[in-house]
Amino acid sequence: DAKTTQPTSMDCAEGRAANLPCNHSTISGNEYVYWYRQIHSQGPQYIIHGLKNNETNEMASLIITEDRKSSTLILPHATLRDTAVYYCIVRVAPYYPVQSGSEKLVFGKGMKLTVNP
Amino acid sequence: DAGVTQSPTHLIKTRGQQVTLRCSPKSGHDTVSWYQQALGQGPQFIFQYYEEEERQRGNFPDRFSGHQFPNYSSELNVNALLLGDSALYLCASSLFGGVSIDEQYFGPGTRLTVT
Numbered sequence: 001d002a003k004t005t006q007p008t009s010m011d012c013a014e015g016r017a018a019n020l021p022c023n024h025s026t027i028s029g030n031e032y033v034y035w036y037r038q039i040h041s042q043g044p045q046y047i048i049h050g051l052k053n054n055e056t057n058e059m060a061s062l063i064i065t066e067d068r069k070s071s072t073l074i075l076p077h078a079t080l081r082d083t084a085v086y087y088c089i090v091r092v093a094p095y096y097p098v099q100s101g102s103e104k105l106v107f108g109k110g111m112k113l114t115v116n117p
Numbered sequence: 001d002a003g004v005t006q007s008p009t010h011l012i013k014t015r016g017q018q019v020t021l022r023c024s025p026k027s028g029h030d031t032v033s034w035y036q037q038a039l040g041q042g043p044q045f046i047f048q049y050y051e052e053e054e055r056q057r058g059n060f061p062d063r064f065s066g067h068q069f070p071n072y073s074s075e076l077n078v079n080a081l082l083l084g085d086s087a088l089y090l091c092a093s094s095l096f097g098g099v100s101i102d103e104q105y106f107g108p109g110t111r112l113t114v115t
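Heads up: the sequence lines are chains G and V, in that order.
Residue 15 in the numbering used here sits at position 15 of the first sequence; the count goes up by one each step and never skips.
Residue 67 in the numbering used here sits at position 67 of the second sequence; the count goes up by one each step and never skips.
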């Protein structure tokens, strides 16, 4: 079962920041927060991941609360192409030496983000 | 750099038939995972292959089987198809045992319709 809860859907105006919340109150100390998105009729696309510090890349920023029980994915300037289903996932990340069974992704239903013009 | 490719794009089969789906991983990746995505649901993990062996398996019956070839490409086979097997089948590749934290790269999927 998925270990995260997300709203079913959210709307955002084009050009504005989109803040996508995720609750993961049972997250373990060695579990990371991953975000993927799935644009209609495509495979999921990796966005960002983090452990406990805030992270930023060219696509988005990830803010994780100090107690790690929730996080927010931020798309700073949403465009129409950001309309997609966003999945928040917690999992143990692979590291060296490899942990068997650490790579599979457990998806929930995700959250549909609609960016409106 | 070619990403993950899957074939065919769409497929229509009849109940009771067998189907084979194919996946080529992203260049440099050696691990392939398969997921099933029913309409309106998130993808569900079927199994993962590394070094031509099944390493992990999700909650899917034995009708679902797979194979990985020496060039890291993979096949998903489903026997005795049921109407409920209609779904988008996704292949994801990654690098097993990488020193850095990886992410999985997904293909566009194969849409299977069972009638």
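Hints are computed from structural coordinates only; laboratory data are not their basis.
These numbers come from a predicted model, not from an experiment.
We put the beta carbon where it would ideally sit given N, CA and C, even for glycine.
Hints may contain errors.
Stated by the list, open to error - Computed footprint of chain V on chain G; a stretch qualifies when at least three of its residues, placed anywhere within it, have a C-beta under 8 Å from a C-beta of chain V: (1) 38-45; (2) 107-114.
Unchecked claim - Not close to chain G: a few residues of chain V, all C-beta gaps over 12 Å, as computed: (3) 37; (4) 48; (5) 88; (6) 104.
Evaluation of the provided hints:
1. Here the stretch 38-45 of chain G counts 5 residues with a CB under 8 Å from a CB of chain V, which clears the bar of 3, and the coverage holds.
2. Chain V is given as covering the stretch 107-114 of chain G, and this holds because 4 residues of the stretch bring a CB closer than 8 Å to a CB of that chain, at least three being needed.
3. The non-interface label for residue 37 of chain V is inconsistent with chain G: the shortest C-beta to C-beta separation is roughly 8 Å, within 12 Å.
4. Look at residue 48 of chain V: its CB is around 6 Å from the nearest CB on chain G, not clear of 12 Å, so calling it non-interface is violated.
5. Not every CB of chain G is more than 12 Å from the CB of residue 88 of chain V (nearest about 9 Å), against its label as outside the interface.
6. With a least beta-carbon separation of about 6 Å from chain G, residue 104 of chain V fails to lie farther than 12 Å from that chain, contradicting its non-interface assignment.
Checked against the numbered hints given earlier, the structure breaks hints 3, 4, 5, 6 and satisfies all the rest.
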